[in-house]
Structures are given as C-alpha cells and as structure tokens.
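*Asks:* Now for the letters of each chain:
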Amino acid sequence: DAKTTQPPSMDCAEGRAANLPCNHSTISGNEYVYWYRQIHSQGPQYIIHGLKNNETNEMASLIITEDRKSSTLILPHATLRDTAVYYCIVRVDNYGQNFVFGPGTRLSVLP
Amino acid sequence: SQTIHQWPATLVQPVGSPLSLECTVEGTSNPNLYWYRQAAGRGLQLLFYSVGIGQISSEVPQNLSASRPQDRQFILSSKKLLLSDSGFYLCASGLDIPRSTGELFFGEGSRLTVL
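Protein chains in written order, with the numbering used here: chain P, 1180 to 1290; chain R, 128 to 242.
Hints in this document: simulated from the structure, not taken from any laboratory.
Treat the numbers as computed from the prediction; the structure is a model and nothing was measured.
In this text, a Cβ means the ideal position worked out from N, Cα and C, and glycines have one as well.
Hints may contain errors.
As the list claims (entries may be wrong) - Estimated spans, in silico, between C-beta atoms of each pair:
#1 L242/R / G1208/P: 45 to 55 Å
#2 E1193/P / L209/R: 34 to 44 Å
#3 K207/R / I1253/P: 44 to 54 Å
Next comes chain P alone, as it looks inside the complex:
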C-alpha cells in the first residue's frame, strides 16, 4: 500500500471550514483514498472515500488532485464535536487487503 503523509496537528475556528491535507505521492491506480476520524477513547469512524473523482456526503467533501498524489478532506462548517484525530489511508481493493492507519492529524476546533 502507498504511504500517506499528514500534518500532525491543525486548528480551526468553530463555524469555519476545516481543510485537512494528505499526501500520497506513491499511490497506484487501483488504490482508493479513505478518511476516518477518531474521537478520544472511541473507535475510528468512517467519513468518506474516493478513487479519482471528488466526493461529497453529509459529513464532508473529498477533493483529490488530478494526478491523485494528494487529497484534501473538507469539513464545511466545523463544530466543537469535530475535534478528533483524522486519518488518511490508501488501500487497494484486493481481497483481504488490510487497512494501515498512520499517526493522522489532530484537529482542534476552537470556540
């Protein structure tokens, strides 16, 4: 699996958009980009994923660059409850392939 690089921490003002970057310069053509988040002392929660096109759901938007070497998770209106560690993961769709979580980005939403 391709490795990912994320900033260790970020701050965001409540109500503003939070833009979390992820570099995956060695991503291969059949690898998906997944985003999860982990609120303290809970299991990680799936947010969104994509392959080539930008994606949007009720939680967030995922912007993937045309060369697929980086992506950005956007929380359009961050709330205090969005304070968490955000993980960017790339994985292939092979049978039995495992997920590998890096250190992630600790997002602090400030009042």
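For this one, chain P is given, so just place chain R on it according to the hints.
*Replies:* Chain R in isolation, oriented as in the chain P frame:
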C-alpha cells in the same frame, strides 16, 4: 451496516496473567476481521487480520495471538501478559469491494491495563 460487539470494555490484569478479548459481528457474513491496538497517545497498530474461519495473518510478532473459531467471532489472546500490552484494543470488520464500499466498522474498544 455492521455492528461490532467487543468485551470486556475495561480490564485490569497483572503481569503474567492470561488474556482473552472477544469480538462478534452482526449484520454481515464472511467479513474481514481485524485487531488493532492503540497505546496511550499513539496511533493505531494493526495486530492481526483474518479473511475467513481459521485464517489469521499476524502483522507484529509478539506474545499475542488471534483466533477465528466462527465466521463472525474474533478472539485476541495471550498466555502471559506484559506491561507493554497495555492499551486500547479495537476490533474491526469490513467487506471487500465490490461487496461494499470497503469501509471498516469498529467496535467500542477494550481498554487493557497491565499492572
């Protein structure tokens, strides 16, 4: 969607004692199952994953072992716990694409303290 049950939620054990953490899955069949560990203030470390009954892959050599006696049951064990085994243990379940979107579902975790 899948529901993951883990127990016990909290466990305090002395060094050298055995361990058994259990995980069961509802809402799907033949899932891929995973055990992760998270030490205090650290990221998630993949310990084991399983693609079927009796099939276990170990990612990190250590004194822990895993078993999958039934399709939706995954057990993490140790014969003799070490202090370094303390942490937050998470069970996860997922299906391969195209059976699903490929996301993982996590349990609520089991917090182990070894004294």
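*Asks:* Evaluate each hint against the coordinates.
*Replies:* Checked hints:
In this structure the supplied range 45 to 55 Å holds for L242/R paired with G1208/P, their Cβ-Cβ distance being about 49 Å. The given range of 34 to 44 Å is respected by E1193/P and L209/R, whose C-beta atoms sit roughly 43 Å from each other. The hint said 44 to 54 Å for the Cβ distance between K207/R and I1253/P, and at roughly 47 Å that hint holds.
Hint violations for this structure: none, all hints satisfied.
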